[in-house]
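Enquirer: Sequence:
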Amino acid sequence: MNDDSAHFPPVDPVKTGIKGCCPRCGQGKLFNGLLALKPRCSACGLDYAFADAGDGPAVFVILIVGFIVIGSVLWLEVNYAPPIWLHILLFAPLTIVLSLLALRWCKGILIAMQYRHNAREGRLSRD
Numbered sequence: 001m002n003d004d005s006a007h008f009p010p011v012d013p014v015k016t017g018i019k020g021c022c023p024r025c026g027q028g029k030l031f032n033g034l035l036a037l038k039p040r041c042s043a044c045g046l047d048y049a050f051a052d053a054g055d056g057p058a059v060f061v062i063l064i065v066g067f068i069v070i071g072s073v074l075w076l077e078v079n080y081a082p083p084i085w086l087h088i089l090l091f092a093p094l095t096i097v098l099s100l101l102a103l104r105w106c107k108g109i110l111i112a113m114q115y116r117h118n119a120r121e122g123r124l125s126r127d
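When we follow full-length UniProt numbering, the leftmost residue of the sequence shown carries the number 1, and every step to the right adds one.
Just to be clear, a hint being listed does not mean it is correct.
For each label pair, taking beta carbons as the anchor points, the in silico distance ranges come out as [stated by the list, open to error]:
#: 1; residue 1: 45; residue 2: 86; range: 28 to 38 Å
#: 2; residue 1: 59; residue 2: 15; range: 40 to 50 Å
#: 3; residue 1: 84; residue 2: 27; range: 29 to 39 Å
#: 4; residue 1: 78; residue 2: 32; range: 18 to 28 Å
#: 5; residue 1: 58; residue 2: 123; range: 45 to 55 Å
#: 6; residue 1: 67; residue 2: 34; range: 43 to 53 Å
#: 7; residue 1: 18; residue 2: 96; range: 32 to 42 Å
#: 8; residue 1: 40; residue 2: 10; range: 18 to 28 Å
#: 9; residue 1: 62; residue 2: 32; range: 17 to 27 Å
#: 10; residue 1: 10; residue 2: 84; range: 42 to 52 Å
#: 11; residue 1: 73; residue 2: 45; range: 39 to 49 Å
#: 12; residue 1: 101; residue 2: 54; range: 42 to 52 Å
#: 13; residue 1: 123; residue 2: 83; range: 54 to 64 Å
Straight-line alpha carbon distances no greater than 25 Å define the calculated PhoX-like cross-link-like pairs of lysine-lysine that follow [as the list claims (entries may be wrong)]:
#: 14; residue 1: 15; residue 2: 38
#: 15; residue 1: 15; residue 2: 29
#: 16; residue 1: 19; residue 2: 38
#: 17; residue 1: 19; residue 2: 29
No lab work stands behind these hints: they were computed from the structure. In this text, a Cβ means the ideal position worked out from N, Cα and C, and glycines have one as well.
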């Protein structure tokens, strides 16, 4: 049994992941900068050493952002046939911004889900 639930009420992994908050308390920040993880939560002291999202967030981002951007490129090309420079001007920044935002959100969500799973299984070390 895990003692975390006695001190910290459960938080929604999707909401905390999107906000980039600690998966245990929902208060401290998860990220140090854009995508790098902090070593521990400043609010509850949870050590983020357990967090290993791997390539999962990148796979989701490639699939989701790729679908949105390529679908938009095809729609624009079929309906208006603009020159290639306009495609580049429109969709290069859109791809970069969507990818970075989605990568941060997906990484936060997957780490929060990983924490929840490890907490249920009792795999987290006690602080």
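Enquirer: Is the distance from the Cβ of residue 73 to the Cβ of residue 45 consistent with 39 to 49 Å?
Expert: This hint holds: roughly 46 Å between Cβ atoms.
Enquirer: Taken at face value, is the distance from the CA of residue 29 to the CA of residue 19 at most 25 Å?
Expert: 9 Å, holds
Enquirer: Could you say whether the range 54 to 64 Å given as a hint is met by the Cβ separation of residue 123 and residue 83?
Expert: Since residue 123 and residue 83 have Cβ atoms about 55 Å apart, the given range 54 to 64 Å holds.
Enquirer: Against the range 45 to 55 Å, how does the distance between the Cβ atoms of residue 58 and residue 123 compare: consistent or not?
Expert: 24 Å, violated
Enquirer: Mind checking the hinted window 43 to 53 Å against the Cβ distance between residue 67 and residue 34?
Expert: 23 Å, violated
Enquirer: Given the hint of 32 to 42 Å, is the C-beta distance from residue 18 to residue 96 inside that range or not?
Expert: 19 Å, violated
Enquirer: Hint says 29 to 39 Å; check whether the CB-CB distance for residue 84 and residue 27 agrees.
Expert: For residue 84 and residue 27 the Cβ distance comes to about 48 Å; the hint is violated.
Enquirer: Regarding the pair residue 15 and residue 38, is the alpha-carbon distance no greater than 25 Å?
Expert: 19 Å, holds
Enquirer: Check the following: the C-beta atoms of residue 10 and residue 84 are separated by a distance inside 42 to 52 Å.
Expert: Because 50 Å falls inside the window, the suggested range holds.
Enquirer: That 28 to 38 Å hint for residue 45 and residue 86 (C-beta), does it hold up?
Expert: Violated, since residue 45 and residue 86 (Cβ atoms, about 51 Å apart) do not stay within the stated range.
Enquirer: State, for the Cβ atoms of residue 59 and residue 15, whether the hinted interval 40 to 50 Å holds or is violated.
Expert: 22 Å, violated
Enquirer: Is the Cα-Cα distance between residue 19 and residue 38 25 Å or less?
Expert: 15 Å, holds
In summary, the structure is inconsistent with hints 1, 2, 3, 4, 5, 6, 7, 12 from the numbered list given earlier, while agreeing with the others.
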